[in-house]
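2 protein chains.
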Amino acid sequence: MDVQLKRGILDICVLTALLKEPSYGYKIIKDIQPYMSISESTLYPILRRLEESNAVLVNTQEHNGRLRKYYSITETGRNRITAFLEEWKSMMDIYAFIEGEIKGND
Amino acid sequence: MDVQLKRGILDICVLTALLKEPSYGYKIIKDIQPYMSISESTLYPILRRLEESNAVLVNTQEHNGRLRKYYSITETGRNRITAFLEEWKSMMDIYAFIEGEIKGND
DNA sequence: ACGATATACTATGTGTTGTATAGTATGCAC
DNA sequence: GTGCATACTATACAACACATAGTATATCGT
Numbered sequence: 000m001d002v003q004l005k006r007g008i009l010d011i012c013v014l015t016a017l018l019k020e021p022s023y024g025y026k027i028i029k030d031i032q033p034y035m036s037i038s039e040s041t042l043y044p045i046l047r048r049l050e051e052s053n054a055v056l057v058n059t060q061e062h063n064g065r066l067r068k069y070y071s072i073t074e075t076g077r078n079r080i081t082a083f084l085e086e087w088k089s090m091m092d093i094y095a096f097i098e099g100e101i102k103g104n105d
Numbered sequence: 000m001d002v003q004l005k006r007g008i009l010d011i012c013v014l015t016a017l018l019k020e021p022s023y024g025y026k027i028i029k030d031i032q033p034y035m036s037i038s039e040s041t042l043y044p045i046l047r048r049l050e051e052s053n054a055v056l057v058n059t060q061e062h063n064g065r066l067r068k069y070y071s072i073t074e075t076g077r078n079r080i081t082a083f084l085e086e087w088k089s090m091m092d093i094y095a096f097i098e099g100e101i102k103g104n105d
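Chains as they are written, first to last, in numbering that gives the first Met the number 0: chain A, 0 to 105; chain B, 0 to 105.
It should be emphasised that the hints constitute simulated quantities derived from the structure, not laboratory data.
Among the hints, a few may not be true.
Because identical chains cannot be distinguished in the list, a pair is counted as satisfied if it fits within a single copy or across any two copies.
Straight-line C-alpha distance at most 27 angstroms; calculated BS3-like pairs for lysine-lysine [as the list claims (entries may be wrong)]:
id	residue 1	residue 2
1	29	102
2	88	5
3	102	19
4	102	26
5	5	102
6	26	88
7	19	68
8	68	88
9	88	102
10	19	88
11	68	5
12	29	68
All of these numbers come straight from a predicted model, not from anything done at the bench.
Turn these sequences into a full structure, and let the hints guide you.
Next comes the structure, spelled out in structure tokens:
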């Protein structure tokens, strides 16, 4: 999928992956992969940004001798998703414009 | 509208604005404004990129003593739009995923 | 006459962000 | 004991929207 198209939707996808239950980096990647390719070097910076903006909370726990960071979505995070669904309406208007113009000029 | 959401769609909007007839910077901005805010410092670099990638052709003409650059869409440009419409299907899948998850967790 | 506004384009610098690449470290299957 | 899955960190880069500023002509209100 086009890199530029991803930009507006990737962090929302990550937040969505946390809706059902807290999760951690590796699992989030596996959960999102069916919908969109995402690499570690993309996800971890996103998680740090989400934490800085209070959209997620972090809880570090030991797992098999290693530290694993569990991320849980906050109320702020949920609001980010609903705000996105609102924004999406503008996107649909633009899409309708593009589709209409190209069909009118075939 | 969110900056990151715009990124994947702005150049396609510009190409769409050229479908009916060739146009120039100032007019393109006015044509797109009803759908999405776009400034000169965003549009002109886009036009230069579209030219470099052969999606548009440039024809400089004198108009009221000033040079005005008329941009017309090429076959490559039209293909860019149809490719975008294809990509959009992936976007709709992701949107359905997000919407489904948040409705399931109200 | 003169300033404000619309028109039309160029140039520079900045901040956000996706991604490649590389590194560290544990547990398990063969 | 070698590969593979797991789990996270750090650095560097390139694309791109946008702010800001500059140049320059035409038109309109007063």
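We went through each hint and held it up to the structure:
no.	hint	result
1	29 / 102	between (38 angstroms within a copy, 22 angstroms between copies)
2	88 / 5	both (17 angstroms within a copy, 13 angstroms between copies)
3	102 / 19	between (41 angstroms within a copy, 11 angstroms between copies)
4	102 / 26	between (42 angstroms within a copy, 22 angstroms between copies)
5	5 / 102	both (25 angstroms within a copy, 22 angstroms between copies)
6	26 / 88	between (30 angstroms within a copy, 25 angstroms between copies)
7	19 / 68	within (17 angstroms within a copy, 53 angstroms between copies)
8	68 / 88	neither (34 angstroms within a copy, 33 angstroms between copies)
9	88 / 102	both (21 angstroms within a copy, 17 angstroms between copies)
10	19 / 88	both (25 angstroms within a copy, 25 angstroms between copies)
11	68 / 5	within (25 angstroms within a copy, 32 angstroms between copies)
12	29 / 68	within (16 angstroms within a copy, 48 angstroms between copies)
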